[in-house]
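Based on the sequences and whatever the hints tell you, model everything.
Heads up: the protein sequence lines correspond to chains A and B, in order.
Just so we're aligned: 118 in this note's numbering is position 118 of the first sequence, and the numbers increase by one with no gaps anywhere.
Just so we're aligned: 72 in this note's numbering is position 72 of the second sequence, and the numbers increase by one with no gaps anywhere.
Derived from the structure by calculation, the hints contain no laboratory data.
Treat the hints with care, as some may be off.
A pair counts as met if it fits within one copy or between any two copies, since identical chains are not told apart.
[Unchecked claim] Straight-line Cα separation of at most 30 Å, BS3-like style, residue types lysine-lysine; simulated pairs:
#, residue 1, residue 2
1, 360, 49
2, 358, 89
3, 89, 214
4, 360, 89
There are 2 protein chains.
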Amino acid sequence: MLTQAAQTWHVHTSIMDPDPNAPARALCNEFTQGSLQDPDAVVAFGTGKDLLSIEIENVSVEGLTTLQERGVQIHPSPDALQTIQDKGKQKEFYASHNLPSAPFHLYEDKASVLAAIDHATLTVPFVQKARRDGYDGRGVVVVRTRQDLDGLLDQPCLVENLVEIRSELSVIAARNPSGQISVFPPVEMVFNPEANLVEMLVSPASITPSLQVKARQLATATIEAFGLCGLLAVEMFLDPSENLWINEVAPRPHNSGHHTLASTFTSQYEQHLRAIFDLPLGSTDSKVCAAMVNILGAKGYEGTPVYEGVEECLKIDGCSIHIYGKQQTRPFRKMGHATLIDQDQVRVLEKAHRVQEKLKVTS
Amino acid sequence: MLTQAAQTWHVHTSIMDPDPNAPARALCNEFTQGSLQDPDAVVAFGTGKDLLSIEIENVSVEGLTTLQERGVQIHPSPDALQTIQDKGKQKEFYASHNLPSAPFHLYEDKASVLAAIDHATLTVPFVQKARRDGYDGRGVVVVRTRQDLDGLLDQPCLVENLVEIRSELSVIAARNPSGQISVFPPVEMVFNPEANLVEMLVSPASITPSLQVKARQLATATIEAFGLCGLLAVEMFLDPSENLWINEVAPRPHNSGHHTLASTFTSQYEQHLRAIFDLPLGSTDSKVCAAMVNILGAKGYEGTPVYEGVEECLKIDGCSIHIYGKQQTRPFRKMGHATLIDQDQVRVLEKAHRVQEKLKVTS
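This is the structure:
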């Protein structure tokens, strides 16, 4: 979707992706297959380019830093990316910048977490998060009772207090090298409790205007603290006392901004380009209310995907469907998403629920 | 923009274009360079495809008919395309289907037009249109006085009465093989008098609700008469007595629908795909008011284009800019377009005028 936005300005785009069948392959001028974690591959790809950006955090910082030293513009900066890639460093960053995030401790492995419990320096309940490579529900363990301790991850991790969550919000901010900042309306995310990934998202979030302002201010403070250029999706918890806590951030176009293609004056993709090209940022006003439903692989099905109920969904006014073209489905795999729009927030939710009922990815 | 919509559904797309540097090349799965007027090239390209559509009228009907006979789905149908390609046949079609269009006569060449004037069977003023290959102001001669007769085209043509024009409208209709029809809000086109091409477009048109209905009904009747599947842009004249006259039609995504990407629930591109795939048509409701400004090459400049004023324009809330990436500019050449959106119709016009002032393509 980012390359589509780039095409609108006739920008020459080159993509590097480990998957030779990456969907973006058909949408760019030049495609390179390669490992994003391999510094040499990243340097080889980036050499001679004017500007590099990312759509996934897990890219070799070493490679990007080398390119930056050689004069290639990199947004977001390798420095910020390094902090964000390591959730432990991310938490330390929030603490040192007075950005609210749940109290935490770092541990080396499962044994040191268990030892802390034995020494009563750590008490159940808590959340364990792998410091690296967590994604879409992987790398997070919620320990509610001592029975859950068996499932602890055995790797460098952080453990944080369970925040009592009234809702989970995401606020996407953009910043350009001139320092201009612009923030999209806060959205509310509804998680699938079983898979721990976003099942549905509603924009704007149904929170009070003063909380909307507070959430936007927190996103602004966060992108300013990182000093990065491009987009920063700031995921937050709202607790019952109406405090906001940063959960984590993503320095790129984000799942919680897909709906902006249909519902805001400027899409997150165009905004990312405006930001990294140091162009004036676009308006983030809403045209309509929106909901986004992730199309997840149904439980009990694996193999070549079959999309059931698509025609029924397309009969819903304001329903657009995005199919990612993944060749295999499996339970809870993200296979696409549907965007619903309406002038009315209640109706948009009704539409989203209808899509959830009708659309099913089997095999 | 059509292939971008197709990509959203992960549809495998193949493009044929005479220009090896066609912008769509980077946006499709497979690209073939070839002449769209060469029947053999069209047949070679279409063989083995599931479904073919067009984005320009001037495609070999002979080639498409051969493919259709061999079982390839073609939308719009070669039959309808044949009628539309020839403006003489188009006019005869309207007459025989009781669709309102200005009275006309067909002539073989310049001499026969002049002879008709000598014999007083034709009187100045009138409009002469080439039967074939007119596009973007080419192939149309407005004869207001006898001095204009020197400029007559010397080719098979039609001559029609000058309709007194209060405004020019375009209404895009869509129809799928199941017979469902859906119509976008009528838009008003403002022409550059010098170049005879659309300079600005406003959606919705500032006409009374009853005229909106009448214009939609005429578009519906027209696409039904052609029986074609896909989009049909119906360009109409509104005269001072509030009569509507069909000027001409285009059976494809149309310049007068660019703004739908930003302003309607479903874009014309997605609607075209829904129509040719026989899927339920999407809502054509407006999210916001829109204007589209064609970015034309400035007078007095030819060569590698330089786009002046882009940053100023991007500061306007709701301004998105599309650059087509053409390698050469020349006076009045369409180099891109800007879309402006706003909740308010007066403000959207103000924004459009600001873009017209600021944006200039020089060399």
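Self-check item: Same-copy or cross-copy closeness of residue 360 to residue 49 [CA-CA at most 30 Å]
Solution: between (42 Å within a copy, 28 Å between copies)
Quiz item: Between residue 89 and residue 214, at a C-alpha cutoff of 30 Å, which is it: within one copy, between copies, both, or neither?
Solution: Close inside one copy (25 Å), not across copies (64 Å); limit 30 Å.
Quiz item: From the Cα coordinates, with 30 Å as the cut-off, is the pair residue 358 and residue 89 best called within, between, both, or neither?
Solution: Close neither inside one copy (42 Å) nor across copies (46 Å); limit 30 Å.
Quiz prompt | Identical-chain pair category, residue 360 with residue 89, by Cα at 30 Å | solution = neither (39 Å within a copy, 48 Å between copies)
Hint compliance for this structure: hints 2 and 4 are broken, all remaining hints hold.
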